[in-house]
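Position chain B relative to chain A; hints supplied.
There are 2 protein chains.
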Amino acid sequence: MAEKKEKTKIDSSAEIADKLTNLGEAMIKEINANQSPSFETRLRGRGNVIYDEAIGCLRLGEKNETRTFVNVGQAKKFMQTVAVANKCKKFLKEGAHTSIRGLFYQLKFSLGEDLDEELFSEQSESNPLIEDLEVTLDVKREDLNLNTDRKGVVAGPMTLKDKFGGGEVEIDCTKQGRSGWMIPSDVDNGMEFKSVDADYVLVVEKDAIWQRLNEERYWEKENCILITPKGQASRGCRRLIRRLANKKLPIITFCDCDAWGWYIYWAIKTGSMNLAYLANDISTPEARFVGVTMSDIKKYDFLEKLTIKAKDIDVKRAQEMLDYPWISRHKDWTRELKMVLDTKKKIEQDALQGPRLSFVGEYLREKIGKKEFLS
Amino acid sequence: MAEKKEKTKIDSSAEIADKLTNLGEAMIKEINANQSPSFETRLRGRGNVIYDEAIGCLRLGEKNETRTFVNVGQAKKFMQTVAVANKCKKFLKEGAHTSIRGLFYQLKFSLGEDLDEELFSEQSESNPLIEDLEVTLDVKREDLNLNTDRKGVVAGPMTLKDKFGGGEVEIDCTKQGRSGWMIPSDVDNGMEFKSVDADYVLVVEKDAIWQRLNEERYWEKENCILITPKGQASRGCRRLIRRLANKKLPIITFCDCDAWGWYIYWAIKTGSMNLAYLANDISTPEARFVGVTMSDIKKYDFLEKLTIKAKDIDVKRAQEMLDYPWISRHKDWTRELKMVLDTKKKIEQDALQGPRLSFVGEYLREKIGKKEFLS
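Residue numbers (my numbering), protein chains in the order written: chain A, 2 to 376; chain B, 2 to 376.
Here chain A stands alone, though its shape is the one from the complex (with noise of 0.2 Å):
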């Protein structure tokens, strides 16, 4: 299903272009027609988020809505998404880039002062305006040559061909060095596996607890693929893991052993609440956890002593999981969640450090070799 859906989504830039070229001559249409120019969407609040037991992701529902221009609390928007539209079409004609701020920029050039700044921040959850672009046209931002935030790092056997800026270079992710690859906002258009030799993909929360595994060279001795987030993971890196799940490596995800770490782990798999619109597009049902979790400070008599006090804004999250029906359908995540609440512990993937700064690599070739994953 995944695999069938992502050759639909890497369309050329022509063909984005032409998409963008349909949405304005159907509204030309309508304009002719004396109607007033519209175009459907759907609704992306929480209300049409349903999550979907069949692919195991958050996806939206059916409810579509529809925008018209000739309405008085629409039509400023409507103007406002028919120009970021126009400014796409002509960022792709050009094969050129920008961010969410560019555009805004580009907008504020050409429209001047009439223009809601917070729409266009970076920090904002949502843009609304390119969402709805989003949604229509059944592309991501990347693909209508929106950069977004990118963060998270990969190592590993595995060689990308990235055609870019005119140029085409091969990324060997075995040759980065102390660094890695730093992984970009767009994994799809111009990017390309030329090879991915490994057994399976280590999804790693934390870039210090990366940087040691890359240090002792855990990828080469494990042989396989080594990608830190850097806490919550980028469009681009969830992204990145969907296409090597679908290239068949199991993805095993390694985290803190406390609700934000956990949830890193569930955005990864099942996808977030405010992308439920990219559905299986950035969400990798397939991934697996490894740890740490609540039951490893009884195999591990050490942690016990490296566990910190979970403070209540941490076990307010916990609660908040298990009232997720996705998450707490699953046994095993509903009782390490009330072992958060029972105890208010949490444990720093950094503890496994405690020991000896070796012991990061031997607790996961340990539990990855015996398979103790949680799903």
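Worth flagging that the hints you see were computed from the coordinates, not collected in a lab.
By construction, the Cβ of each residue, glycine as well, lies at the ideal position given by its N, Cα and C atoms.
Keep in mind that a hint or two might mislead.
Said to hold, decoys possible - Pulled from the structure, derived: some chain A residues nowhere near chain B, Cβ distances all over 12 Å:
id, residue
1, 17
2, 100
3, 170
4, 182
5, 328
Unchecked claim - Heads up, simulated DSSO-like pairs for lysine-lysine below, C-alpha to C-alpha not over 30 Å straight-line:
id, chain 1, residue 1, chain 2, residue 2
6, A, 222, A, 195
7, A, 306, B, 339
8, A, 109, A, 195
9, A, 222, B, 162
10, B, 310, A, 91
11, B, 317, A, 109
12, B, 306, A, 109
13, A, 300, A, 345
14, B, 20, B, 78
15, B, 162, A, 164
16, B, 306, A, 91
17, B, 77, A, 368
18, A, 77, B, 162
19, B, 300, A, 91
20, B, 176, A, 164
21, B, 312, B, 339
22, B, 306, A, 176
23, A, 312, A, 345
24, A, 195, B, 317
25, B, 94, B, 109
26, A, 195, B, 222
Same frame as chain A, now just chain B:
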């Protein structure tokens, strides 16, 4: 001066381990002589931070402090510092790196509960125990195999040799595609410049603007090294800039036109209060500033309508910068800062994309060509 200083800093790990051994042996000597073990460090409070006009950077003054074990107020911290030194020696011997957090857990494992977690928070601006060691031994924490947060990216005509984790790779910074090479925590130990064939270094505050310039291969067309610190520069990024300046490359900085962007420049140039103890190891007094400046509003007509309103906090920060004597001694900067106070406006780098995405590069070419810098 800086060149000379650098050479003394790139000690091998054996030499650094010797420094730690000497520290311990001196203490044993004191104990054997029935004296309290002690070591000398320097006061790092603001009262002992001075602006060194001759070098052009912030550094510590001459006020020393002696830490002694037999002192009710110091005994615990003293013991912890010795424990930190002991662990760092072990890390050096093992050739393994960790983070401050990893160090914390190693100590907690050995010492038990009796440890102040906050002292070892990565977020903490001062980790007094480790700073004590850095100052006392005249090394950087990176030399003690302690990784710091890494941030920032580089591309351009430069090849690095990276000896790491038992391997050695060459990083060709012209072949890093859309991502660039991530600047690591430690750019000294095991890192060498194999070749640097650039005319200058351009430091670009924002990653989005860096990506714009990378896409149009600005570094190739202008034969420069293109760095983004991604906001305030990390220790590793500042150190890389310092090392490139040692190679006589001009350092040109390009930031937002507001107090925060400007202070990114100043932190690169003179160093910062908190890191004054590293002085000219991480400051680059030669750095110059190409923009964005308030004066640009007059020069580029379209910018006026792309300015945004400075918030109270922006204006307050500009006032604070005027109060730093090492900044206000520059007439140009005083003028710029006063324009912020008068007009209450600011301009983002991104605004230069208003007329066309390629304008950012055009702006830089023009101003760098004409050497229109503030220094």
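Does the structure break any of the earlier hints, and which numbers would those be?
2, 3, 4, 7, 8, 17, 18, 22 and 24
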